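Build the full structure now, drawing on both the sequences and the hints.
Each chain, letter by letter, is given below.
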Amino acid sequence: AQKITQTQPGMFVQEKEAVTLDCTYDTSDPSYGLFWYKQPSSGEMIFLIYQGSYDQQNATEGRYSLNFQKARKSANLVISASQLGDSAMYFCAMREGRETSYDKVIFGPGTSLSVIP
Amino acid sequence: GAVVSQHPSRVICKSGTSVKIECRSLDFQATTMFWYRQFPKQSLMLMATSNEGSKATYEQGVEKDKFLINHASLTLSTLTVTSAHPEDSSFYICSARRQGNTEAFFGQGTRLTVV
Numbered sequence: 001a002q003k004i005t006q007t008q009p010g011m012f013v014q015e016k017e018a019v020t021l022d023c024t025y026d027t028s029d030p031s032y033g034l035f036w037y038k039q040p041s042s043g044e045m046i047f048l049i050y051q052g053s054y055d056q057q058n059a060t061e062g063r064y065s066l067n068f069q070k071a072r073k074s075a076n077l078v079i080s081a082s083q084l085g086d087s088a089m090y091f092c093a094m095r096e097g098r099e100t101s102y103d104k105v106i107f108g109p110g111t112s113l114s115v116i117p
Numbered sequence: 118g119a120v121v122s123q124h125p126s127r128v129i130c131k132s133g134t135s136v137k138i139e140c141r142s143l144d145f146q147a148t149t150m151f152w153y154r155q156f157p158k159q160s161l162m163l164m165a166t167s168n169e170g171s172k173a174t175y176e177q178g179v180e181k182d183k184f185l186i187n188h189a190s191l192t193l194s195t196l197t198v199t200s201a202h203p204e205d206s207s208f209y210i211c212s213a214r215r216q217g218n219t220e221a222f223f224g225q226g227t228r229l230t231v232v
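So the sequence lines, in the order shown, correspond to chains D and H.
In terms of the working numbering, the first sequence opens at residue 1 and continues consecutively.
In terms of the working numbering, the second sequence opens at residue 118 and continues consecutively.
Treat each hint with caution, since some may be false.
[Unchecked claim] Pair by pair, the computed Cβ-Cβ distance ranges are:
(1) H:Thr219 x D:Ala71: 15 to 25 Å
(2) H:Gly133 x D:Asp29: 40 to 50 Å
(3) H:Thr219 x D:Val78: 14 to 24 Å
(4) D:Ala71 x H:Thr134: 48 to 58 Å
(5) H:Thr230 x D:Ser28: 36 to 46 Å
(6) H:Val120 x D:Ala71: 33 to 43 Å
(7) D:Ser80 x H:Glu169: 22 to 32 Å
(8) D:Glu17 x H:Thr199: 20 to 30 Å
(9) D:Ser41 x H:Thr219: 43 to 53 Å
(10) H:Thr199 x D:Glu44: 19 to 29 Å
(11) H:Pro125 x D:Ser28: 15 to 25 Å
(12) H:Pro157 x D:Thr20: 42 to 52 Å
Hints are computed from structural coordinates only; laboratory data are not their basis.
Quick caveat: nothing in here was measured; it's all calculated off a predicted structure.
Note that beta-carbon positions come from the ideal geometry of N, C-alpha and C, so glycine has one too.
What follows is the structure in structure tokens.
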């Protein structure tokens, strides 16, 4: 069963505007972590932001913020002031269990973001 | 941040041959590394979890005899695609996480083309 859902296969946003990329997840484990990664056309995976299931506040990292709604099991990524370099694939990912190094991380299907000048 | 180096970045091989991909953690010890496979315009699919000094744990549907994983040291894991076929052509990417660190660090990926 799909554990991570990203319902937007492709998104467009005007440069300098904000954009929200959706992510919903499914887990019965009370301890988990949620990640967002950016993958440009070069293929490298760039870590953007992390939210732990017990974190009280929404995570923020520069222009990236994570809108964490635990009851809804959603972890949307908000990118403010979009830049042309933000055009890439964006993956939501989840780690179940406590933060041990061997806990595997699974990925959602991804959203392709295109920033329009 | 920590660095994970993956080599080679691109490889073309003939059908029936084997290809080895290396994943190294350059500035930390990785007791566990993860191997993913990514087809064009698709997500990363976890293939296996590589544990230092023990056998890898493969995900359902992944042939362990075809994708040999060796984690010989705390800084090196290798994935060998044996008897490669054109359908094995894909982007293979490894990741490692330091104990107590939330972020998973990824290698640059290897684009394998089997002709």
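Original post:
Has the hinted range 36 to 46 Å been met by the Cβ atoms of threonine 230 (chain H) and serine 28 (chain D)?
Top reply: holds, 40 Å
Original post:
Within 33 to 43 Å or not, the Cβ separation of valine 120 (chain H) and alanine 71 (chain D)?
Top reply: holds, 38 Å
Original post:
At the C-beta level, are threonine 199 (chain H) and glutamate 44 (chain D) separated by a distance inside 19 to 29 Å?
Top reply: holds, 27 Å
Original post:
Should the hint that threonine 219 (chain H) and valine 78 (chain D) are 14 to 24 Å apart at their CB atoms be regarded as holding?
Top reply: holds, 20 Å
**OP:** With respect to the beta-carbon atoms only, verify the hint that proline 125 (chain H) and serine 28 (chain D) lie 15 to 25 Å apart.
**Re:** Given a distance of about 40 Å, which is not inside 15 to 25 Å, the answer is violated.
Subject >> Outcome of range test on Cβ distance (serine 41 (chain D), threonine 219 (chain H); 43 to 53 Å) >> reply: violated, 27 Å
Original post:
Taking the beta carbons of proline 157 (chain H) and threonine 20 (chain D), is their distance inside 42 to 52 Å?
Top reply: violated, 26 Å
Original post:
Using the C-beta atoms of glutamate 17 (chain D) and threonine 199 (chain H), is the stated range 20 to 30 Å upheld?
Top reply: Violated: the Cβ-Cβ distance is about 49 Å, outside 20 to 30 Å.
**OP:** With respect to the beta-carbon atoms only, verify the hint that threonine 219 (chain H) and alanine 71 (chain D) lie 15 to 25 Å apart.
**Re:** holds, 22 Å
Original post:
Is the distance from the Cβ of serine 80 (chain D) to the Cβ of glutamate 169 (chain H) consistent with 22 to 32 Å?
Top reply: violated, 41 Å
Original post:
CB of glycine 133 (chain H) to CB of aspartate 29 (chain D), is that within 40 to 50 Å?
Top reply: holds, 43 Å
Subject >> Whether the CB-CB distance between alanine 71 (chain D) and threonine 134 (chain H) falls inside 48 to 58 Å >> reply: The hinted range 48 to 58 Å holds for alanine 71 (chain D) and threonine 134 (chain H), with Cβ atoms some 52 Å apart.
The structure fails hints 7, 8, 9, 11 and 12 (numbered hints given earlier, in ascending order).
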